[in-house]
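Asks: The chain contents come next:
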Amino acid sequence: MEQNHTKRQIKVTRNSLFEQGYLDEQFSQLEDLQDEANPNFVKEIVTLFFSDSTRLIRNVENALESYPLDFCKLDDYMHQFMGSSSSIGAKKVKNECTQFQECCKAMNADGCIRAFQRVKQEHAVLKRKLEAYFQVSL
Amino acid sequence: MTVEEIRGSDHEIDRFPIGMRVLAVDDNPTCLKLLEGLLRKCQYHVTTTNQAITALNMLRENRNRFDLVISDVYMPDMDGFKLLELVGLEMDLPVIMLSGNGDRNLVMKGVTHGACDYLVKPVRLEELRNIWQHVIRRKVESKSKNNHEKSDQGKEGGDQNEKLNRKRKDEDTDEENGNESDDPTTKKKARVVWSIDLHRKFVAAINQLGIEKAVPKRILDLMNVDGLTRENVASHLQKYRLYLKRISQQANMVVTFGGNNDASSYMRMSPLDGLGDFRTLSCSGRLPNASYAPPGMLGRLNSATGVALHSLTAPPLVQPNHTQTKLQPVVSSNHQNVNLFQGIPPSFDHDQRQYCNKPNTQLTDVGSFDESRIFTGTNLAGFSSIDEPRMFRGSSTFTDPISVLANQAGVKLTSTGTESFNHLSDSSGFLDQNGNQPPNFSSNLNLQPLAESYSYPAVINGGFSSNITTAAAPIEPHGGGLVGDIVQNVNRSLPNQKGGSRSKQDYSQYSQNALPTQATSALASYDSLSGPVSHSRPNGSRSIPFQTEQIKLQSGFVSNKSYGSLDDIIPGMMKQEQDTTMPMNGEFGYDPYIDPDREYNDESR
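Residue numbers (UniProt numbering), protein chains in the order written: chain A, 1 to 138; chain B, 1 to 605.
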């Protein structure tokens with residue numbers, strides 16, 4: 001039936017996100033928190049994540065434009081980014097954030113810029129995938 | 001003791017921990033939402049806020065509204081540790097820290113600041129399911145402490161330190177009746193508001209008796225306040241001791257952690273804001289603990305009479321050189337800000353931090369801090385290694401703590417005063433050496449642009465502390481003379497090598513001999529800032545050493561500057577914020593930083 005097919009599709013999509021490393025088990029925790037009292041919990045928190053992280057990305061971009069780079073500030077931003085991404089289980093994004101933080105610690109400006117590009121990239125990819133996922137699942 | 005007693009009039013008592021009321025604080029919206037979801041899943045009653053200030057206000061409004069607080073460590077408006085301290089002191093609620101960073105130093109810091117647990121993000125549901133135990137534990141300890149107190153007529157309150165003094169709050173909580181304590185055995189005592197004056201008397205009494213002999217009964221007698229019971233004094237004393245202890249522990253930690261890079265991260269997270277809270281606290285007069293502001297600190301700096309220099313928070317630091325008289329005015333004006341322990345640490349911290357930036361290398365022997373040190377040193381002791389980065393930039397003459405602060409471009413001082421102190425002391429060690437800054441000094445400086453600091457002005461201590469913090473950045477660290485001196489005197493009971501006796505003196509004076517600490521004297525002795533501050537704490541019973549006289553603030557500390565004056569200074573200092581870290585060229589020499597805008601009373605100038 002269509003419904004079953006959709007459900008299966010949803011499951012497949014979800015599993016692939018895990019298998020490809022976009023999400024980790026923290027995301028499962030989010031799903032566990034969803035219940036009758038909180039029926040849209042996952043979507044809400046993911047939406048919140050993306051709006052918050054988009055803002056952070058903008059801040060980082062601005063910070064990266066200043067010279068010399070303020071590594072402390074950048075590290076701060078990344079810390080926040082890390083906190084949110086790990087909270088929703090955004091595995092790849094989180095990993096890239098870690099890389100960025102390493103570059104900050106090493107005060108490697110070029111490294112930071114490159115790492116940030118990857119963060120943005122992973123962020124965009126995840127956003128696309130999750131949007132698709134929610135569209136299907138909701 | 002049953003849960004019902006503990007919970008008071010909560011209807012859901014029998015279902016505890018279901019319905020446990022948690023206040024969650026985290027500036028990160030995603031994390032906060034997750035936390036909320038998790039806590040709801042545990043069937044707790046959750047209130048969330050993304051601002052520490054808001055959280056504090058909520059708690060102050062009604063401490064009984066919540067059973068437990070969970071707070072993030074890194075927050076823009078206030079350092080989580082500061083919040084932790086405040087909540088612990090003022091409200092005596094269990095606080096759990098939360099952070100994405102599970103670094104050992106951070107965790108240690110959390111513990112020493114009184115957190116009952118430290119969780120690392122992302123938090124798991126299982127971890128949250130168990131947090132209710134902290135609520136029960138605290139109540140149990142509180143009650144047992146209460147019992148102990150009652151049977152403890154005239155015994156020293158010291159032995160009560162083992163119990164969590166903060167529990168006292170729990171006793172008085174629940175019922176905020178007037179001041180009648182009908183039944184001494186009931187845990188519900190009237191809540192006594194430890195106003196600045198009251199705390200001042202308290203501290204004066206302690207100083208008079210000497211910290212070892214400071215028994216609640218005698219303190220009560222000396223204070224001679226109507227309506228104050230021995231139990232009130234006893235619990236207040238407990239808190240005070242705990243605070244001192246913590247500060248000394250922090251001081252110890254500073255030594256251990258000195259030079260730790262992580263410190264910089266701490267630096268980052270210590271908003272000066274804590275002071276602000278104190279201010280509110282003191283203003284509202286609801287800070288029973290607020291009065292813990294280490295009078296010693298003030299005294300030391302201000303060469304106060306050992307009276308509760310509540311206003312210590314800001315002015316004292318800034319005016320190390322002030323003679324006692326000078327400081328007095330400040331003190332009084334700041335008394336609002338004094339905020340009791342809480343308040344002071346922030347201010348101190350800032351200053352301290354500025355100075356202490358130096359990595360541990362030259363850290364004085366923090367380890368030798370002891371409680372008495374705490375008395376005097378106030379927040380200095382509380383410095384953890386984290387603050388190191390903040391410490392002094394090294395060099396420059398210490399003359400002016402404010403300037404020191406100012407130089408610390410963007411150094412974010414943690415609110416824990418003790419921390420700053422420790423740093424200071426540590427740095428003082430450095431400073432002494434011909435003002436040569438230890439190499440790591442600069443490198444460890446992790447000055448955070450103050451711009452990111454919190455709005456100190458709002459902070460208590462007449463905004464002094466806050467001012468200091470903000471200003472701290474711009475202030476050029478003077479050769480730790482001033483600050484170091486202060487710190488040394490304040491925090492450490494260890495005499496400076498050079499002026500060691502001096503600091504000791506102050507310290508002991510303050511804490512042990514109830515002698516008015518000559519903070520100024522301490523400050524004045526730039527020279528005394530000899531090498532490593534590893535002063536061993538002299539026993540409190542030291543008579544005031546000669547150094548007192550020597551102490552003269554070389555630096556241009558603003559003498560008894562009222563807040564107004566501080567405000568003047570602050571802008572000046574703020575200007576300096578723009579400067580990047582000060583060149584730590586080991587100018588520890590004590591060239592007083594002379595701020596043309598400031599009125600320096602010091603004679604050495």
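Everything labelled a hint here was simulated from the structure, so no lab data went into it.
Incorrect hints may have been included.
When the alpha-carbon atoms are kept at most 27 Å apart in a straight line, the in silico BS3-like pairs for lysine-lysine are as follows [to be verified]:
{"hint": "1", "chain 1": "A", "residue 1": "43", "chain 2": "B", "residue 2": "213"}
{"hint": "2", "chain 1": "B", "residue 1": "41", "chain 2": "A", "residue 2": "11"}
{"hint": "3", "chain 1": "A", "residue 1": "105", "chain 2": "A", "residue 2": "129"}
{"hint": "4", "chain 1": "B", "residue 1": "41", "chain 2": "A", "residue 2": "7"}
{"hint": "5", "chain 1": "A", "residue 1": "7", "chain 2": "A", "residue 2": "105"}
{"hint": "6", "chain 1": "A", "residue 1": "73", "chain 2": "A", "residue 2": "92"}
{"hint": "7", "chain 1": "A", "residue 1": "7", "chain 2": "A", "residue 2": "43"}
{"hint": "8", "chain 1": "A", "residue 1": "120", "chain 2": "A", "residue 2": "92"}
{"hint": "9", "chain 1": "B", "residue 1": "41", "chain 2": "B", "residue 2": "143"}
Sample of chain A residues at the chain B side, in silico, Cβ under 8 Å [what the hints assert, rightly or not]:
{"hint": "10", "residue": "39"}
{"hint": "11", "residue": "40"}
{"hint": "12", "residue": "54"}
{"hint": "13", "residue": "62"}
{"hint": "14", "residue": "65"}
{"hint": "15", "residue": "67"}
{"hint": "16", "residue": "82"}
{"hint": "17", "residue": "86"}
Think of the CB as a built atom: it goes at the ideal place given N, C-alpha and C, for glycine as much as any other residue.
Asks: Holds or violated: residue 39 of chain A as interface residue toward chain B, Cβ cutoff 8 Å?
Replies: Nearest chain B Cβ about 12 Å off; hint violated.
Asks: Once the shortest beta carbon distance from residue 54 of chain A to chain B is found, is it less than 8 Å?
Replies: 12 Å, violated
Asks: Are the Cα atoms of residue 120 of chain A and residue 92 of chain A separated by 27 Å or less?
Replies: 11 Å, holds
Asks: Within 27 Å, alpha carbon to alpha carbon, are residue 41 of chain B and residue 11 of chain A?
Replies: Status holds; Cα separation ~24 Å.
Asks: Identify whether the interface hint at residue 65 of chain A stands, where standing means a beta carbon of chain B within less than 8 Å of its own.
Replies: Result: violated, 17 Å to nearest chain B Cβ.
Asks: Regarding the pair residue 41 of chain B and residue 143 of chain B, is the alpha-carbon distance no greater than 27 Å?
Replies: Violated, at roughly 30 Å.
Asks: Taken at face value, is the distance from the CA of residue 129 of chain A to the CA of residue 105 of chain A at most 27 Å?
Replies: Roughly 31 Å between the alpha carbons, so the hint for residue 105 of chain A and residue 129 of chain A is violated.
Asks: Verify the proposed pairing of residue 73 of chain A with residue 92 of chain A, using a straight-line Cα cut of 27 Å.
Replies: 22 Å, holds
Asks: Grab the minimum C-beta distance from residue 82 of chain A to chain B and call the hint holds if it beats 8 Å, violated otherwise.
Replies: 6 Å, holds
Asks: Within a Cα-Cα threshold of 27 Å, do residue 7 of chain A and residue 43 of chain A meet the stated pairing?
Replies: The hint holds at about 17 Å.
Asks: Min Cβ distance, residue 67 of chain A to chain B: is it shorter than 8 Å?
Replies: 13 Å, violated
Asks: Taking the least C-beta to C-beta distance, is residue 40 of chain A closer than 8 Å to chain B?
Replies: Constraint on residue 40 of chain A not satisfied, violated at 11 Å.
Going through the hint list in order, the structure does not satisfy hints 1, 3, 5, 9, 10, 11, 12, 13, 14 and 15.
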